[in-house]
Amino acid sequence: VNIVQDWLHVPSVFESALLLISIGAGIFGAILGLGGGVIIVPVLSLGFGINLHYAIGASIVSVIATSSGAAVAYLKDHVTNIRVAMLLEVATTIGALSGALVSPYLSAQALYLIFSLVLFYSALLMYRKRENHADTHSDDWFANKLRLNSSYPDHNLGKEIEYTVTRIPFGLCLMYLAGIISGLLGVGSGVLKVPAMDTAMRLPIKVSSATSSFMIGVTAAASAGAYYMRGDIIPVIAAPVAVGVLIGSRLGTRIMMKLSGGTLRRIFLGVLLLVALEMGLKGLGVSLR
Amino acid sequence: MKKINQSLALSESKSVLQAEIVISWALIIGVLASGAIAILGILSRLFNWGEGDAHSSRELVAQLLEGKLISDFHPLSSPSQLMEQALRWQPDIIMTLALLLLIALPIFRVALTTAIFIRERDWPFVVITLTVLSVLLSGIFMGQSL
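Which chain is which? The protein sequence lines are U and Z, in order.
Letter by letter, the first sequence follows residues 1 to 289 of this note's numbering.
Letter by letter, the second sequence follows residues 1 to 146 of this note's numbering.
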């Protein structure tokens, strides 16, 4: 272990290792259907021993890279609701900015604990079967005024499905929270955005997840600007991580298409739970090493 | 009457969608350009091309691996400084340019979306997108004061 440690101190080895590990994190994230950020922060902080703030700073940039690279796909299938996305981005960006501004005042332990809770919650959502809460008859004053109601093509049924949007203030509050988590932890926080849309605002699940993915880059940019100016985005770390996660998530998506992947997903989910556990213990001040 | 209104709304959102798809392609080009610049920076460091600087040392890596904060790291924010150092081919600055380009992409998207809604004369959404844009820009200024 000591030899590996020494070797890692060579700058070129350090950077190559970051690049390779980030490709792995990108693949892992794509196969679990999570963003790269959820995986790369624990890898950098627990695995490499890098300061948590730098891990978060590198992660948020990789989140922008993957989501900006994927937006065309979400738009082309005509499922994303652009107007809902823009409206909710008001809440997520203010949230992300609040998160980024608060994070320097939080201890690493507190951040580890919050991160661990988000990981456990993400894992939980993978087990739970999602119900469609879509509504077609709500008559919401705001939704009518802002023309948020829309429709999307369902390829299985071969027709346009119309839907209406309700409870916008509730959705905005949940989105503000999702933004805070994104800004605080350097993750896309899609796991929190989707429920805000499908459970609170009654959008169809398909529309919720596409719209959530579409929003992630803009949300991340709000905190990334603040992180950059504060000096938390270290080029030596963030550049290889961004490139690696970007390549990895593309590869992961390819692998997912070829592979039904039940077993692989279960193994990865197990790893995710272990990571969540270790982060939680670190948050509680218990060290395993 | 209601039917007509609805189909009007749908056709209008189609034109917004088309414009957003074009913007998204532009963003992909941006991501690829940023990736290429980042790889150039990474390679430059790996093979010691260009000017070395204080932050490329073994010492820095040691500090990072120990989980320390780098107290003398100051992000560059003035474009002239960035350009000047990039022209001297400092690998760290080349990587920084790649990262800044990435951070700018979503801001660029929101700015263009604002322009689309202005063209559509959809004033509520002009206000909404301008709000998002101002939050994004204020993040940069607020981060500076921390």
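I should point out that these hints are in silico values taken from the structure, not numbers from a laboratory.
Note that the Cβ used here is the ideal one computed from N, Cα and C, for glycine as well.
Mixed in with the good hints, there may be bad ones.
[What the hints assert, rightly or not] Lysine-lysine pairs mimicking DSBU-like chemistry, simulated, CA-CA at most 30 Å apart:
id, chain 1, residue 1, chain 2, residue 2
1, Z, K14, U, K76
2, Z, K14, U, K206
3, Z, K14, U, K145
4, U, K76, U, K159
5, U, K159, Z, K14
[What the hints assert, rightly or not] Computed list of chain Z residues with no C-beta within reach of chain U, every gap over 10 Å:
id, residue
6, R58
7, A62
8, P79
9, Q81
10, E84
11, R88
12, V110
13, I118
14, R121
Now for the hints, and whether the structure bears them out:
{"no.": "1", "hint": "K14(Z) to K76(U)", "verdict": "holds, 11 Å"}
{"no.": "2", "hint": "K14(Z) to K206(U)", "verdict": "holds, 19 Å"}
{"no.": "3", "hint": "K14(Z) to K145(U)", "verdict": "holds, 18 Å"}
{"no.": "4", "hint": "K76(U) to K159(U)", "verdict": "holds, 16 Å"}
{"no.": "5", "hint": "K159(U) to K14(Z)", "verdict": "holds, 17 Å"}
{"no.": "6", "hint": "R58", "verdict": "violated, 6 Å"}
{"no.": "7", "hint": "A62", "verdict": "violated, 5 Å"}
{"no.": "8", "hint": "P79", "verdict": "holds, 14 Å"}
{"no.": "9", "hint": "Q81", "verdict": "holds, 14 Å"}
{"no.": "10", "hint": "E84", "verdict": "holds, 16 Å"}
{"no.": "11", "hint": "R88", "verdict": "holds, 15 Å"}
{"no.": "12", "hint": "V110", "verdict": "violated, 6 Å"}
{"no.": "13", "hint": "I118", "verdict": "holds, 13 Å"}
{"no.": "14", "hint": "R121", "verdict": "holds, 13 Å"}
Hint compliance for this structure: hints 6, 7 and 12 are not met, and every other hint is.
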